[in-house]
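Read top to bottom, the protein sequences are chains C and W. In case it helps, this note's numbering puts the first sequence at residues 1 to 738. In case it helps, this note's numbering puts the second sequence at residues 1 to 230.
Source of the hints: derived by calculation from the structure; they are not laboratory data. The reader is advised that the hints may include incorrect statements.
Unchecked claim - Label-pair restraints from in silico Cβ distances:
hint, chain 1, residue 1, chain 2, residue 2, range
1, W, T86, C, G537, 52 to 62 Å
2, C, V8, W, V127, 24 to 34 Å
3, W, E78, C, D356, 46 to 56 Å
4, C, D356, W, T86, 48 to 58 Å
5, W, P214, C, G92, 27 to 37 Å
6, C, P36, W, K18, 16 to 26 Å
7, W, S98, C, E583, 53 to 63 Å
8, W, E26, C, V733, 46 to 56 Å
9, C, L520, W, V127, 50 to 60 Å
10, C, D5, W, T86, 36 to 46 Å
11, W, R57, C, P645, 51 to 61 Å
Backbone N, C-alpha and C fix where the C-beta goes; we use that ideal spot for every residue, glycine too.
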Amino acid sequence: MIKPDRIVTTTCPYCGVGCTLQLHVQDDFIYKVTSPFDSPVNHGNLCVKGRFGYDFVYHPKRVTTPLARRYLLEGKPKPAGREQVFAISMDGNPISNSQISSLWDWIPTDWDTALNLIADNLVRIYQRDGSDAMAVYCCAKATNEDNYLLQKMYRALFRTNNVDHCTRLCHAGSVVALQQAIGSSAMSNTASQVMLNDVFIVTGSNTSENHPIIALQMKEAVRQNGAKMIVIDPRRIELVDFAEMWLPLKPGTNVPVFSAMAHVIVKENLINHEFIANRTEGFTDFIESLEKFTPEYAEEISGVPAEDIRKAARLYANAKNGAIYWGMGISQLSHGTASALALIHLAFLTGHIGRDGTGLNPLRGQNNVQGASDMGAMPFHYPGYMRVDNEDNAQKWEKTWNIEPNGLSRKLGLTTTEILSHAHEGGVRALYIMGENPMMSEPNLNVTREHMKELEFIVSQDIFINESGAFADVFLPATPFAEKEGTFSNTDRRVQRVRVAQPPRGQARPDWEIICDLALRIESQLGRETVKWDYSGPEEVLREMASVNQDYAGITYDRIDKVGLIYPVPDLNHPGTPTLFTESFPRGRGKFIPLDYVPVMEEPDDEYPFILTTGRVLEHWHGGTMTRNSALNEAYPEARVDIHPADAEMHGIRNGDPVKVQSRRGEVVLRATVTEKTSVGVVFIPFHFAEAAANLLTNDVLDPQALIPEFKACAVQVFPAREDDLANPEVEVHRGRY
Amino acid sequence: MTITLTIDGQEITAEQGKTLLDVARENGKDVPTICFHEATTANGLCRMCVVEVEGMRVLQPACIVEAANNMKVQTRSEKVIRARKTILEMLASTMDLSEAAEVQTMMSEYGVDINRFPDAERREVQVKDDNPMYVRDYSKCLLCWRCVQVCADDAQYTYAINFEGRGYETQIGTFFDKAIPETTCVLCGQCVGVCPTGALKPKREFLLEQGMSPQEISVLNTGRKRRRDR
Numbered sequence: 001m002i003k004p005d006r007i008v009t010t011t012c013p014y015c016g017v018g019c020t021l022q023l024h025v026q027d028d029f030i031y032k033v034t035s036p037f038d039s040p041v042n043h044g045n046l047c048v049k050g051r052f053g054y055d056f057v058y059h060p061k062r063v064t065t066p067l068a069r070r071y072l073l074e075g076k077p078k079p080a081g082r083e084q085v086f087a088i089s090m091d092g093n094p095i096s097n098s099q100i101s102s103l104w105d106w107i108p109t110d111w112d113t114a115l116n117l118i119a120d121n122l123v124r125i126y127q128r129d130g131s132d133a134m135a136v137y138c139c140a141k142a143t144n145e146d147n148y149l150l151q152k153m154y155r156a157l158f159r160t161n162n163v164d165h166c167t168r169l170c171h172a173g174s175v176v177a178l179q180q181a182i183g184s185s186a187m188s189n190t191a192s193q194v195m196l197n198d199v200f201i202v203t204g205s206n207t208s209e210n211h212p213i214i215a216l217q218m219k220e221a222v223r224q225n226g227a228k229m230i231v232i233d234p235r236r237i238e239l240v241d242f243a244e245m246w247l248p249l250k251p252g253t254n255v256p257v258f259s260a261m262a263h264v265i266v267k268e269n270l271i272n273h274e275f276i277a278n279r280t281e282g283f284t285d286f287i288e289s290l291e292k293f294t295p296e297y298a299e300e301i302s303g304v305p306a307e308d309i310r311k312a313a314r315l316y317a318n319a320k321n322g323a324i325y326w327g328m329g330i331s332q333l334s335h336g337t338a339s340a341l342a343l344i345h346l347a348f349l350t351g352h353i354g355r356d357g358t359g360l361n362p363l364r365g366q367n368n369v370q371g372a373s374d375m376g377a378m379p380f381h382y383p384g385y386m387r388v389d390n391e392d393n394a395q396k397w398e399k400t401w402n403i404e405p406n407g408l409s410r411k412l413g414l415t416t417t418e419i420l421s422h423a424h425e426g427g428v429r430a431l432y433i434m435g436e437n438p439m440m441s442e443p444n445l446n447v448t449r450e451h452m453k454e455l456e457f458i459v460s461q462d463i464f465i466n467e468s469g470a471f472a473d474v475f476l477p478a479t480p481f482a483e484k485e486g487t488f489s490n491t492d493r494r495v496q497r498v499r500v501a502q503p504p505r506g507q508a509r510p511d512w513e514i515i516c517d518l519a520l521r522i523e524s525q526l527g528r529e530t531v532k533w534d535y536s537g538p539e540e541v542l543r544e545m546a547s548v549n550q551d552y553a554g555i556t557y558d559r560i561d562k563v564g565l566i567y568p569v570p571d572l573n574h575p576g577t578p579t580l581f582t583e584s585f586p587r588g589r590g591k592f593i594p595l596d597y598v599p600v601m602e603e604p605d606d607e608y609p610f611i612l613t614t615g616r617v618l619e620h621w622h623g624g625t626m627t628r629n630s631a632l633n634e635a636y637p638e639a640r641v642d643i644h645p646a647d648a649e650m651h652g653i654r655n656g657d658p659v660k661v662q663s664r665r666g667e668v669v670l671r672a673t674v675t676e677k678t679s680v681g682v683v684f685i686p687f688h689f690a691e692a693a694a695n696l697l698t699n700d701v702l703d704p705q706a707l708i709p710e711f712k713a714c715a716v717q718v719f720p721a722r723e724d725d726l727a728n729p730e731v732e733v734h735r736g737r738y
Numbered sequence: 001m002t003i004t005l006t007i008d009g010q011e012i013t014a015e016q017g018k019t020l021l022d023v024a025r026e027n028g029k030d031v032p033t034i035c036f037h038e039a040t041t042a043n044g045l046c047r048m049c050v051v052e053v054e055g056m057r058v059l060q061p062a063c064i065v066e067a068a069n070n071m072k073v074q075t076r077s078e079k080v081i082r083a084r085k086t087i088l089e090m091l092a093s094t095m096d097l098s099e100a101a102e103v104q105t106m107m108s109e110y111g112v113d114i115n116r117f118p119d120a121e122r123r124e125v126q127v128k129d130d131n132p133m134y135v136r137d138y139s140k141c142l143l144c145w146r147c148v149q150v151c152a153d154d155a156q157y158t159y160a161i162n163f164e165g166r167g168y169e170t171q172i173g174t175f176f177d178k179a180i181p182e183t184t185c186v187l188c189g190q191c192v193g194v195c196p197t198g199a200l201k202p203k204r205e206f207l208l209e210q211g212m213s214p215q216e217i218s219v220l221n222t223g224r225k226r227r228r229d230r
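So here's chain C without its partners, still in its complex pose (with noise of 0.2 Å):
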């Protein structure tokens, strides 16, 4: 029997719930994860992620060293033609059959010359082009202060606004919308009160392998609180086995299908009159534009019965709490905030807002994702989602930060996609790259493939090199979750401590301890008066960030030692804020705005019959740099795409045949799973396999208010392969889950 050295409570790296793990750690090696049953978020459940899937922390692929290409450590130009490298060459000898370059080859050096080398090279490419040339991203997976310390160093330092992360892929259509109509973007209650709601609506969500652990409440408050689930969602997940009924609509007829329930609610009179006379605007002429969405017509649209649109629309607003969960169903369209509006309508003609148990509720997919955004990791705000084109917020940073006035940039930066799609002579030139993995998330890979070939200058912080981090310039060793200290943000709002359970593997170094040297180098190259970097540690940055950001501001490590709490916290004698918007809206009224249909931009045809949606599975996460370094990829080593079994019929494909999906971009090989999972004429993939990127098929369109892109839905064509053409063709693992 094992006996611990120590026992080391933090928070979860993986999704947005934010559950509470205890490390067990004996000779700096993590061999056990546990919860503790008292924890607030899961009451000590755990999902497959979160209790195994640490183990990536011990990658013999992970990098502990800092490194640079050949071509910058021997001082020679940069060859042509950026390439891909992921092998490193341990000795300095060229890498064996390689088939580029060997001025690419990756060489370990030490964080001195490394830094120096990115501090050169930014520098001058700031100096050469301007703010314009210099971008960012920052990491929803690293912590609240390496994300305010990141974004610090690009506006204090490089003067501009080209700041995002991956929330443009992922909620950036609820965040829009929710901004829009309520001025907050945030969800507004916790997810652990849908054990108080009595009739509930899951969309666009797969909560079961993307937020296990609230799926876990929702599933309890069906079966022991008798509350009623309505799913709507394309796919038959898990969540329809407990549910009251199952809405299948088609990928992206997400807008007639809610207006349709807010065409019924009205027409019959279910409406809150109280709530809406007192609490919101523009009812009159929303009520109009509701006129064409009859049942009837979203049935036609979307395939759902017109009777169960009644019925679910019944059931939502006679309930006395009832509350709307949803995901990346509702945002990753070109109408996503359009989805997402068509939702907060229910809640507003409902009046199920502002109560405990109520609520809008978009769950966040990771770790820090609402973190990364309150730390002002986005191209329009600062910390505190203060808009930097108003005068007011950049004066106030620029006090905070020391900077002489009108020295911050008011220019509204760019957006993840765009920042790529900028990647030109006269546009982005230098990309700096914490945690994020565009090479798989951005959507269409052949042409980011092309924007990260335009660039002039790449830098990856990151524990990997992943597919992103293999065309950088320089390689920066990070810690992962275990060797650091901070705090993450959960979906519910809840900030919560992250702990160091072992030293930092090799010449690893925290995130925001990399920052700092790093800015203080570009800082005393720019001759510019020191905006602060010497902190004295993580604590000191986010009292630091909360001086200005009022959310935050009652928060301290020490209240937070034991349970996280749920902000806004405005004073340091605050016990949180559960239920937002119990007397008002931040922009006041709640604001009621008109809708109109439209279609996917990419709807199947002759050539390309199925639909296409993508999402992810429960052992893995995102662009799998972690889980597809983890035992998690023991569990779940290979894509699948799903494809319903009269589908399958009729193209011969049987269950575990190889078979060739493509689009009007790309096309890859992979294993079919024939399964009434998925609807007919659609098919699924999760984008987590390099090795069959869903991302090498998804359209590039984009919402035009939010900038997300279009990945639920878009059309492709599936033809029968052969096992050869497959990438990993003897790896199969049959599994009997959901």
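Using the hints, position chain W against chain C.
Below, chain W alone, put in the same frame as chain C:
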């Protein structure tokens, strides 16, 4: 509503609806438990928590019996002690308690004679190592049912494991003894989290105990070709 009862001669006032175990523990009385867990539904399976209640024919499991007005309860009567000691002796004679730290503490506290049942047949089954996340060593299983419950309606609603067999042959298993990956199991490990005896154990902890080094363990998942055939 409140009720009044006597526990070990002490008069106690309590909220109605609580179990005898809750009331006893709230009042500083030590009632030992094995199968009981704060996060699972109590079923009174192991009977370690039995107490003597005046007027009731047999000993009562405190974890499920509701405290009632005017009850007279003995938590450490001779009959109670003898029952608990016998339970521990029976467990010790049939299974491997080497990693059940709490049960071991109880055994020394109750002066257990581990050789009381020399003819008992020990349950010895092969370790089941059929998935990448955890191993199952049912030689160490005392059938507390916690794992079955968290897999079912106490947490996960997945129903991958249940009792199988009857009487002495009773074991925890999957339907048709299928390997874990082929069942409905989602590998959440809720079961591992509540196992009191080390019968369920994370794979990495198990390998470390088997003498593998952290270095050896960390290269295990780097490619299927390098995977050890166990």
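Consistency of the hints with the structure:
no. : hint                        : result
1   : W:T86 - C:G537: 52 to 62 Å  : holds, 57 Å
2   : C:V8 - W:V127: 24 to 34 Å   : holds, 29 Å
3   : W:E78 - C:D356: 46 to 56 Å  : holds, 52 Å
4   : C:D356 - W:T86: 48 to 58 Å  : holds, 50 Å
5   : W:P214 - C:G92: 27 to 37 Å  : holds, 29 Å
6   : C:P36 - W:K18: 16 to 26 Å   : holds, 23 Å
7   : W:S98 - C:E583: 53 to 63 Å  : holds, 60 Å
8   : W:E26 - C:V733: 46 to 56 Å  : holds, 49 Å
9   : C:L520 - W:V127: 50 to 60 Å : holds, 54 Å
10  : C:D5 - W:T86: 36 to 46 Å    : holds, 38 Å
11  : W:R57 - C:P645: 51 to 61 Å  : holds, 59 Å
Violated hints are absent here; each numbered hint is respected by the structure.
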